[in-house]
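> Below are the chains, spelled out letter by letter.
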Amino acid sequence: MIRFEPRSNPGPFLVYGVPVLAAAIAILLAAIPLALAGAPIIEAYGLMISGAFGSVFSTSEMLTRATPLILTGLAAAIAFRAKLWNIGAEGQLYMGAMAAVAVGAGVIDGPSWVMIPVVILAGMAAGALMLIGPTLLKTRLGVDEVVTTLLLNFIVLLFVQMMLEGALKDPMSMGWPQSEPIIDSAAFPALLERMRVHIGLIIALVSAVALAIFVKRTVWGFEIRAVGENAAAAKFSGISVTKTMILVAALSGGLAGLAGVSEVAGTRGYLATDLSPGYGYAGIVVAMLARLSPIGVIASAFFVASVFVGADSMSRAIGVSSYLADLIVAMALLCVLIGGFLTRFKVHFDRKSAHG
Amino acid sequence: MEIIDILLAASFWEAAIRIATPLIFGVLGALICERAGVLNLGIEGIFTAGAMAGWMAVWLGAGLWGGVLVAALAGAFFGLIHAILTVPLGLSQHVSGIGVTLLATSLSYFTYRTALPDVSSPPRIEPFRPLDIPFLSDLPFIGQALFSQTAMTMLALVLVFVTGWVLYRTPLGLAIRAVGDNPSSVEAQGLSVYGLRIGAVVVGSSLMALGGAFLTMSAFDAFFFGMINGRGWVCIALTVFASWRPGKALIGALLFGAFDAFQVRLQTEVGAFLPSQVFLMMPYILSIIALIVLARKADYPKALLVPWFKGQR
Chain A
1 MIRFEPRSNP GPFLVYGVPV LAAAIAILLA AIPLALAGAP IIEAYGLMIS
51 GAFGSVFSTS EMLTRATPLI LTGLAAAIAF RAKLWNIGAE GQLYMGAMAA
101 VAVGAGVIDG PSWVMIPVVI LAGMAAGALM LIGPTLLKTR LGVDEVVTTL
151 LLNFIVLLFV QMMLEGALKD PMSMGWPQSE PIIDSAAFPA LLERMRVHIG
201 LIIALVSAVA LAIFVKRTVW GFEIRAVGEN AAAAKFSGIS VTKTMILVAA
251 LSGGLAGLAG VSEVAGTRGY LATDLSPGYG YAGIVVAMLA RLSPIGVIAS
301 AFFVASVFVG ADSMSRAIGV SSYLADLIVA MALLCVLIGG FLTRFKVHFD
351 RKSAHG
Chain B
1 MEIIDILLAA SFWEAAIRIA TPLIFGVLGA LICERAGVLN LGIEGIFTAG
51 AMAGWMAVWL GAGLWGGVLV AALAGAFFGL IHAILTVPLG LSQHVSGIGV
101 TLLATSLSYF TYRTALPDVS SPPRIEPFRP LDIPFLSDLP FIGQALFSQT
151 AMTMLALVLV FVTGWVLYRT PLGLAIRAVG DNPSSVEAQG LSVYGLRIGA
201 VVVGSSLMAL GGAFLTMSAF DAFFFGMING RGWVCIALTV FASWRPGKAL
251 IGALLFGAFD AFQVRLQTEV GAFLPSQVFL MMPYILSIIA LIVLARKADY
301 PKALLVPWFK GQR
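Chains as they are written, first to last, in the numbering used here: chain A, 1 to 356; chain B, 1 to 313.
Hints listed in this document are in silico derivations from the structure and should not be mistaken for laboratory results.
Quick caveat, the model's predicted, so the values are computed rather than measured.
A hint or two may mislead.
Claimed, not checked - As a list, the in silico DSSO-like pairs of lysine-lysine whose alpha-carbon atoms are at most 27 Å apart:
#1 A:Lys243 / A:Lys83
#2 B:Lys310 / A:Lys235
#3 A:Lys216 / A:Lys235
#4 B:Lys302 / A:Lys83
#5 B:Lys248 / B:Lys302
#6 B:Lys248 / A:Lys243
#7 A:Lys169 / A:Lys346
#8 B:Lys248 / A:Lys216
#9 B:Lys310 / B:Lys248
#10 B:Lys248 / A:Lys83
#11 A:Lys216 / A:Lys243
#12 A:Lys346 / B:Lys297
#13 B:Lys297 / A:Lys235
#14 A:Lys83 / A:Lys169
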């Protein structure tokens, strides 16, 4: 007989150790598909590590990848804290990117200290609106936000495609559906010369710290946690659940929109329909690995980004499909879920006779 | 006038039923899971896994029905993962479902890429042929619209009746519905809540996988990346639309198929005036509208999303 007994107070080893262990197990489990693909396993792991950390360039690539992941991870973390199941970060990211291009590709111009905040605010507002809609449908009409946010991802991507063939199309792009480039004064400056990592990383890190302080130290943060833990009790104690949910939606959608701005204005320079290889969905994994802690999101985004960059470079070197990275990330999510269970419960293997 | 012509053409209804078929499988699968109290957001990935596994089995020489079986087993495998995480462990059904979708999708893509490292165009299989039933297939209108579909469509239609019969006419169905409404009452009768829920999720997931298999083995003859394209999520919306009833699931899927077929035909008629993406958005927008219209009336299984632990009162 297997019995689960709730733990009253999980120690720090469990709280911090379990996610690390889950990530490590996911990496180790990758040996199975690697072996089945007939790849030299030790060499493959070596190539993954050097691909993510082997040089200044590869680390810069890892940090560039981590930037949107921190932001979508924060978007998922704050939403899931309040039990608002925002699975639409991908769509919010694209809306944010599109808003940034709409104002930042030459319609208006000004000095950088004006233009960069302008594109950021436009993108965050667009992302926030994308989530406030489904949230209002949830609080007012009881429409499940999981399905609406998921379906909106597809609608937004088609909308972006439409705009890229229409109003936002770059006439100089020789028929490729892509937007005009972000003008220089709105572009995020690079952090290192000849490297891609840009100030989006600093913005993401600051966002994580700010969100952590917001959740821990402000009344709104307290209300968000209260609604997430027990909406009925929060309502009873006088907290407006609707208002709190809309605040969460604005934050979560805004952060996902900011990820889009950062990709467009920092990494890519223009908008295309392949801007995000699923950063919105990967953000859910990042948030869960971080146990929904904003500071933890930084660490788990670095982990997920290293897996992606490392696997990409390994795949180029020995020809194993780079979908291995997605596989590792998915396994990490499931491992951390099980790990979370083991943090909350003790598992007992009893023999029946032991109880008499 | 032209709209009437479109709606009266047998080829239109033939297309509508074809588009509806994977959704019938998917909605039946989703409603079996949800009736037992478990939301299965693994559906999108399970569709992908069914599409890939079924296709690959046929490509490796298993035969078409062998492929259907392999797809169902792949669905059952991922369903079992979701069931273990959400039923005895009681973990978040939302997060576990997303995890299963990510796992099933990436595993399918990885397997496909590993088996076929560099092919310029996806290899094709010989898919299910349209049926040619003596007499029935020759009937006017319905012969073309219904009886010239493939065997998988017939299987989907049969499963609607089987699911309805099991859910409403057998003790097993009564137990499944009860376990999604009031699990403690089921345990009080000496039945296993875990067993019923896990069984329902595994069976539901294998039906979902058949929806994916239909795409690669009947509607098309090859596997493409991204070919599921949100069909699984649409099924989750249609399940609410169908109020968790197999008969209404069939109607919902057919309405959806008809709308999608109509949208394609409308596009060829008036496509010049509107960007094609407007038409492609329609199915997703329609699903959201259906959810909004029915949200107030939706009678969710009472224990949906609520974990239940053994010995709990």
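> Evaluate each hint against the coordinates.
Evaluation of the provided hints:
no.	hint	result
1	A:Lys243 / A:Lys83	14 Å, holds
2	B:Lys310 / A:Lys235	30 Å, violated
3	A:Lys216 / A:Lys235	20 Å, holds
4	B:Lys302 / A:Lys83	18 Å, holds
5	B:Lys248 / B:Lys302	19 Å, holds
6	B:Lys248 / A:Lys243	36 Å, violated
7	A:Lys169 / A:Lys346	58 Å, violated
8	B:Lys248 / A:Lys216	47 Å, violated
9	B:Lys310 / B:Lys248	33 Å, violated
10	B:Lys248 / A:Lys83	30 Å, violated
11	A:Lys216 / A:Lys243	19 Å, holds
12	A:Lys346 / B:Lys297	41 Å, violated
13	B:Lys297 / A:Lys235	24 Å, holds
14	A:Lys83 / A:Lys169	38 Å, violated
In summary, the numbered hints that this structure violates are 2, 6, 7, 8, 9, 10, 12, 14.
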